[in-house]
Each structure stands twice: as C-alpha cells, then as structure tokens.
Amino acid sequence: MALRIPVTVLKHHSDALGYIQRLLKYLPLSTAMSQHAFICRRHKSRKSKGSLSSVIQPLTVQPASKNADDINIGEELTGSIEKEHLLRSLKDFHSDEKIKNLALENGLDNNLFYKAFLSFRKFCIESKQLPVDLHIVFSDILQGSGHVHDIFPYFLRHSYEIFPHLEAMDDLKQISDLRFPANWYPEARSIQRKFIFHAGPTNSGKTYHALERFVSAKSGIYCGPLKLLASEVYHKSNDSGTSCDLVTGEERRFIRRWITI
1 MALRIPVTVL KHHSDALGYI QRLLKYLPLS TAMSQHAFIC RRHKSRKSKG
51 SLSSVIQPLT VQPASKNADD INIGEELTGS IEKEHLLRSL KDFHSDEKIK
101 NLALENGLDN NLFYKAFLSF RKFCIESKQL PVDLHIVFSD ILQGSGHVHD
151 IFPYFLRHSY EIFPHLEAMD DLKQISDLRF PANWYPEARS IQRKFIFHAG
201 PTNSGKTYHA LERFVSAKSG IYCGPLKLLA SEVYHKSNDS GTSCDLVTGE
251 ERRFIRRWIT I
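For the sequence shown, UniProt numbering gives the first residue as 1, with consecutive numbering after it.
In case anyone wonders, no lab produced these hints; they're calculated from the structure.
Among these hints, one or two may not hold up.
Said to hold, decoys possible - Simulated crosslink set (DSS-like; lysine-lysine; CA at most 25 Å straight-line):
#1 Lys100 to Lys218
#2 Lys206 to Lys173
#3 Lys128 to Lys173
#4 Lys128 to Lys115
#5 Lys98 to Lys66
#6 Lys218 to Lys206
#7 Lys173 to Lys115
As the list claims (entries may be wrong) - Label pairs and their calculated CB-CB ranges:
#8 Leu59 to Asn238: 46 to 56 Å
#9 Pro131 to Pro181: 19 to 29 Å
#10 Phe180 to Asn67: 50 to 60 Å
#11 Leu59 to His198: 43 to 53 Å
#12 Pro181 to Arg252: 24 to 34 Å
#13 Lys173 to Thr207: 33 to 43 Å
#14 Arg252 to Gln174: 20 to 30 Å
Note that the structure is predicted; figures quoted are calculated from it, not measured.
From the three backbone atoms N, C-alpha and C, an ideal C-beta is built for every residue, glycine too.
Between the sequences and the hints, there should be enough to build the whole structure, so can you do that?
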C-alpha cells in the first residue's frame, strides 16, 4: 500500500507534521511504520545533499596480518577477544556523542566519521591479530577497566591514514586563504622598485623598447605571456651577447657562465 500526499497540501497546511500523523493512524501498523521510515530517509538524504565531504572517498588500509613468529603478543598478555565482543565495543564507540563531537573537532564531520568508522571496524574485525596496544585497549574495555573513549586515539590515527588531507588541514587552510594579498611576502614588498609602463596600440614598439631596456640593464627578468615570446627573448638576448636563461612550465635552459680566475 502506498501513500501519496501532494506537495501543495503540505506547503499550505499549517501543521503538516500533525496532518501526516493523523493520516498514519488510519493505516495498518506495518504500512504506517514503512511510511514513517520513508519520510525519515528522505529528510536525511536532503540534509546531506551537496556536502563536500560526501564525495571524498577513503583510501584502503589492509588488515593487519600475523607477524613472522606467528605470536600474538596482545593475546598472550591479556587473552583472546571474541569478534562479537569486539563488535559490541565498536558499536558503543560509534554511538557515543562525545566521540562524535571530538571527531568533529579533528575535522571529521558526520560523513567522514561514518566512512572512517566503517573502515576502522573492518580493519579491527578482519585483522588476523590487532596491534598490541589496540588489543590491550579492547581487552581493558571488555574487562571493565577501560572506556570506549580510549579507542579514539587509534581511530583518529586510522582516519589520518585513509584521509591524508586531515593531517594537513591547517596548512591547506593557510595556503588557500587568498583574502589578504597585501600581506603576502612582506620582505619582497619592502624592496623599492621602479616600474616603466609601456602603453600604445598594436605594432607601436612596446615589446621592442621593453626588450631594449631589458638587454641594456645590469640584471632583470622578462615575463612573457607565451612560450613563443619567451623563447624569442631567450635567443635574441643570447645572440646579442646578453646572457639570458629560459624558464617555462615545460623546460629550463641555463646559460653557462665561464669565470676566469
């Protein structure tokens, strides 16, 4: 049985939620529950639509294998851990609100936290033997002497492995901040410079006069918008006896300068 409610009815109804709830009272229990779940799913999908983190895919981390000596040190120290007990601890860890808030402070929003948790859980379950320190943490939790919060440092370390950008987030924010260009390169901006601006119509000698000043100067840099122009400046300067290097996005040519001692 399907229930269809026109969108216009919900838009113009003062109490849309109450209206839906009253309709569900007259439906069979199974149908009402399915309609309620359907509404929740639609609301959740719309909320997460357009999130940048939803398109970020985690890297694959292989489960830990047994060491060369085939000795599980964590198991020898604290005993073996059943998979169902491990899953129970991970479930408690995932549902803890403090853990979610702490993850958010470290750059893991709801989407990234969910993906990281799935990867971490898969790593813990499929590993032949857990890292010794993580094995001891799980054992302490199951014995009542630890807390699921103790798992977070290992979860965060795993998150950094599958989402490498999280570890460099501060640097990424800094280099992508283009709001204040006047504050860039303070030492370079303190240097006194002299600019000569050549203006004029096409074929009026702008490039010619600029190159003449470039060749006659003691030192300088000629910035060309095209590789063809840069190559022309390179060849003409060296042909006229002025040593000139060529640096483009594809090649670099440096003139040898012989020094007589």
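Each hint, compared with the structure:
A threshold of 25 Å between alpha carbons decides the hint, and for Lys100 with Lys218 the separation of about 62 Å lies outside it, so the pair is violated. With a CA separation close to 41 Å, the supplied pair Lys206 and Lys173 exceeds the 25 Å bound. For the suggested pair Lys128 and Lys173, the alpha carbons sit about 39 Å apart, so the restraint of at most 25 Å is broken. As the CA atoms of Lys128 and Lys115 are separated by approximately 22 Å, the hinted pair is consistent with the 25 Å bound.
Of the pairs offered as hints, the one joining Lys98 and Lys66 is violated, with about 33 Å between alpha carbons and a cut-off of 25 Å exceeded. Restraint check for Lys218 and Lys206: the C-alpha separation of about 20 Å stays at or below 25 Å, so the hint holds. Between the alpha carbons of Lys173 and Lys115 the distance comes to roughly 23 Å, so the proposed pair stays at or under 25 Å and holds. Checked against the hint of 46 to 56 Å, the pair Leu59 and Asn238 passes, with Cβ atoms roughly 48 Å apart.
Roughly 46 Å separates the CB atoms of Pro131 and Pro181, a value that falls outside the hinted 19 to 29 Å. Roughly 52 Å separates the CB atoms of Phe180 and Asn67, a value that falls within the hinted 50 to 60 Å. About 52 Å separates the C-beta atoms of Leu59 and His198, a value consistent with the hinted range of 43 to 53 Å. For the pair Pro181 and Arg252, the beta carbons lie near 27 Å from each other, so the given range of 24 to 34 Å is met.
Separation of Lys173 from Thr207 is about 41 Å and conforms to the stated range, judged on CB atoms against 33 to 43 Å. Taking 20 to 30 Å as the suggested C-beta distance range, the pair Arg252 and Gln174 conforms, at roughly 29 Å.
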